[in-house]
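Visitor: The UniProt record's numbering applies: residue 1 is where the sequence shown begins, and numbers increase by one.
These are calculated hints, taken from the structure and not from any lab test.
Each hint should be verified, as a subset may be incorrect.
As the list claims (entries may be wrong) - Quick list of simulated restraints, FRET-style, between CB atoms:
1. ILE162 with TYR99: 28 to 36 Å
2. ALA158 with VAL22: 38 to 46 Å
3. ARG248 with GLN120: 51 to 59 Å
4. LEU93 with PHE205: 28 to 36 Å
5. ILE330 with GLN100: 31 to 39 Å
6. THR96 with GLY130: 23 to 31 Å
7. THR96 with ARG150: 17 to 25 Å
8. ILE13 with TYR99: 18 to 26 Å
Ideal placement from N, C-alpha and C gives every residue a C-beta, glycine not left out.
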Amino acid sequence: MLTFTIRRLVLAIPTLLIISLVIFLLLQLAPGDPMAQVPLTVPPEVKEKMREALGLGQPLHIQFWKWLVQMFWVEPKVLIDWLTRDSWMFGWLPDTALYQDELRVISWQTRSPVFDIVVQRLPQTLWVVGMSYVVGILIALPIGIYSAYRQYSLFDQAGTFITMIGFSIPPFFTGPLLIVIFSVQLGWFPFIYDTTHEVVDWDTFVYQLKQMIMPVMVLALQTTAQISRFMRASVLDNLNQDYVRTARAKGLGEAVVVMIHVLRNSMIPVVTVIALGVPGIFGGAIITEVVFSVNGIGQLLITALFANDLPMVMTITFMFAVLIVMFNLIADILYGVLDPRIRYD
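From just these sequences and the hints, can you work out the full model?
Guide: Structure representation (structure tokens):
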């Protein structure tokens, strides 16, 4: 397993390089000009100097190489310095001082380092996305297991109907719908997510829960619908296997047969859906954050797209690519944990 993991990590390096090149070329081909939002009163010669300062007049291969150096050499040094200086885990180590004022990945829109802005926005996205994914999984797995065990029952039929609706309706429809019902009509929850809100007592904690309910449920709806259907199909496939009949013939109880023998084997294909669904839930969060005004990564990406902020857009989309590669590897490793018959070495 260790050899397989190292081999996949080494293979991930050229994969990410090719992905970054494709992202860079696609963004270069996209219409739009970073100078389009500059006021018309700015003289053309000043605009040209601004363009040169941003590096737009350089050849494409020079721009891409500078981004690679900043992304894979300069930014890791900044991260290591932060870990040894300010982090609670490694702050006791001597300050490495690797970063020596090299040019970092700079946002064209804010003139600030891209990763500093991402770090500021990331906690809000992780709160909403992470909570929604956990809630979706915790709801989906029991529904899928019980629907398969009680196939064609009233619970199974109702679960199938609800999950199909949840899987079919996109977040940009369910979000405004929940706002109209629960915020405008009933007044139960706030429709704007206050990112400046701090939890200091019980009342502020309750308000934090209230403002998280709607965006979390919008994202969890599709997660629940997808994972529960895969879980149901996988459990149905395993319930008819010979080892299940053997376990029942030994006198084992139904709870032991289903929750130990059937569940472990049924989780193997579901692990793929859960692992590869993490980047997808981040993609769904882009629309959800805009609908509920969550000041997170998704809203940052939309703002950067409208402003033609290519370094910001490229960095965030590359982060999504890293998530896909990383969780694909995690899914492969979990296969060997769940099924002893699977060996990679």
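Visitor: Hints first: check each against the structure and report whether it holds.
Guide: Okay, the hints, checked on the actual structure:
| no. | hint | in the structure |
| --- | --- | --- |
| 1 | ILE162 with TYR99: 28 to 36 Å | violated, 52 Å |
| 2 | ALA158 with VAL22: 38 to 46 Å | holds, 44 Å |
| 3 | ARG248 with GLN120: 51 to 59 Å | holds, 56 Å |
| 4 | LEU93 with PHE205: 28 to 36 Å | holds, 35 Å |
| 5 | ILE330 with GLN100: 31 to 39 Å | holds, 35 Å |
| 6 | THR96 with GLY130: 23 to 31 Å | holds, 30 Å |
| 7 | THR96 with ARG150: 17 to 25 Å | violated, 58 Å |
| 8 | ILE13 with TYR99: 18 to 26 Å | holds, 22 Å |
The structure is inconsistent with the numbered hints 1, 7, although it conforms to all the rest.
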